[in-house]
Amino acid sequence: MKALGLSKSTYYHWKHYQTSRHDKQDTILKSQIFEIWKNNYKAYGYPRITIAMRRLGVVIGPNRVYRLMQELGIRSLMGRRFKKPGTHVDYSQRPNLIKNHPIGTIWRADITYLELRPGTWVYLSTIFDQASKQIIAFNIGKEMASKLIIKTLLQALSRASKPTFLHSDMGSQYTSIAYEGLLKRHLIRHSYSKQGYPYDNGPLEAFHSLLKREFIFQTRFTSFEDLVLRVENYINWYNTERIRING
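Counting along the sequence shown from 1, when you hit position 229 you're at 254 in the numbering used here, and nothing is skipped either side.
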């Protein structure tokens, strides 16, 4: 203090002022952090919240965001990882046409289970555009039937230019005569994942995992219609707002 030319009382007054100002800043920052966390399905951890804060013009580092989230008692509410069972088929392997990164546009198609209520399941059919990394079509049905995925494909074709390739697993819905015929009529080449290896369709598998861990596992639905509406809201958020860190 002597080296700074400050009296003891002046120094402690200054120190108290700095501490008080810092506490006030933390209070404001906590409010902003909590709103971002709450308004994004409580899915964001401190890296994404740091990015969101900076997009709002707030100069803040990840360590401070991490500390303030700890003080608030909040964290990314990610549910358990979902492990998709392999698809069992009784016929020979069909070719994976996109394995070596061919020239051309790629859509990825898949179907997954969603739990409406304990013991009651519905089925989500999704098409993912590789270029935009967005879900371009989806439908939810009470039965896992070919008509569900055909409806999704027709929806995608009505919204976007047809792709060069469509990649899916070799489940019976995707290898049905009706589905294969629709692809051929639109001159879309069908590419297939290796039997029992869903990770060949990694980007879409990753989306389904996020949907379940960030949203489905944390939510109770009042009806089938409620689930459909809220999944649609999540997909819109995923396509347009969710912060992407790894591309």
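If you are wondering where the hints come from, they were derived from the structure by calculation, not from laboratory data. These numbers come from a predicted model, not from an experiment. Just so it is clear, CB atoms sit at the ideal spot from N, CA and C, and this is done for glycine as well. Possibly wrong hints are sitting among the right ones.
Quick list of the computed label-pair ranges, beta carbon to beta carbon [as the list claims (entries may be wrong)]:
| no. | residue 1 | residue 2 | range |
| --- | --- | --- | --- |
| 1 | Met103 | Asn258 | 16 to 24 Å |
| 2 | Asn264 | Ala170 | 22 to 30 Å |
| 3 | Arg80 | Gly221 | 26 to 34 Å |
| 4 | Asn258 | Gly129 | 29 to 37 Å |
30 Å max Cα-Cα, derived DSS-like pairs, lysine-lysine [as the list claims (entries may be wrong)]:
| no. | residue 1 | residue 2 |
| --- | --- | --- |
| 5 | Lys124 | Lys158 |
| 6 | Lys176 | Lys187 |
| 7 | Lys158 | Lys209 |
| 8 | Lys176 | Lys209 |
| 9 | Lys124 | Lys63 |
Hints, verified against the model:
no.: 1; hint: Met103 to Asn258: 16 to 24 Å; verdict: 19 Å, holds
no.: 2; hint: Asn264 to Ala170: 22 to 30 Å; verdict: 26 Å, holds
no.: 3; hint: Arg80 to Gly221: 26 to 34 Å; verdict: 42 Å, violated
no.: 4; hint: Asn258 to Gly129: 29 to 37 Å; verdict: 32 Å, holds
no.: 5; hint: Lys124 to Lys158; verdict: 18 Å, holds
no.: 6; hint: Lys176 to Lys187; verdict: 15 Å, holds
no.: 7; hint: Lys158 to Lys209; verdict: 24 Å, holds
no.: 8; hint: Lys176 to Lys209; verdict: 16 Å, holds
no.: 9; hint: Lys124 to Lys63; verdict: 39 Å, violated
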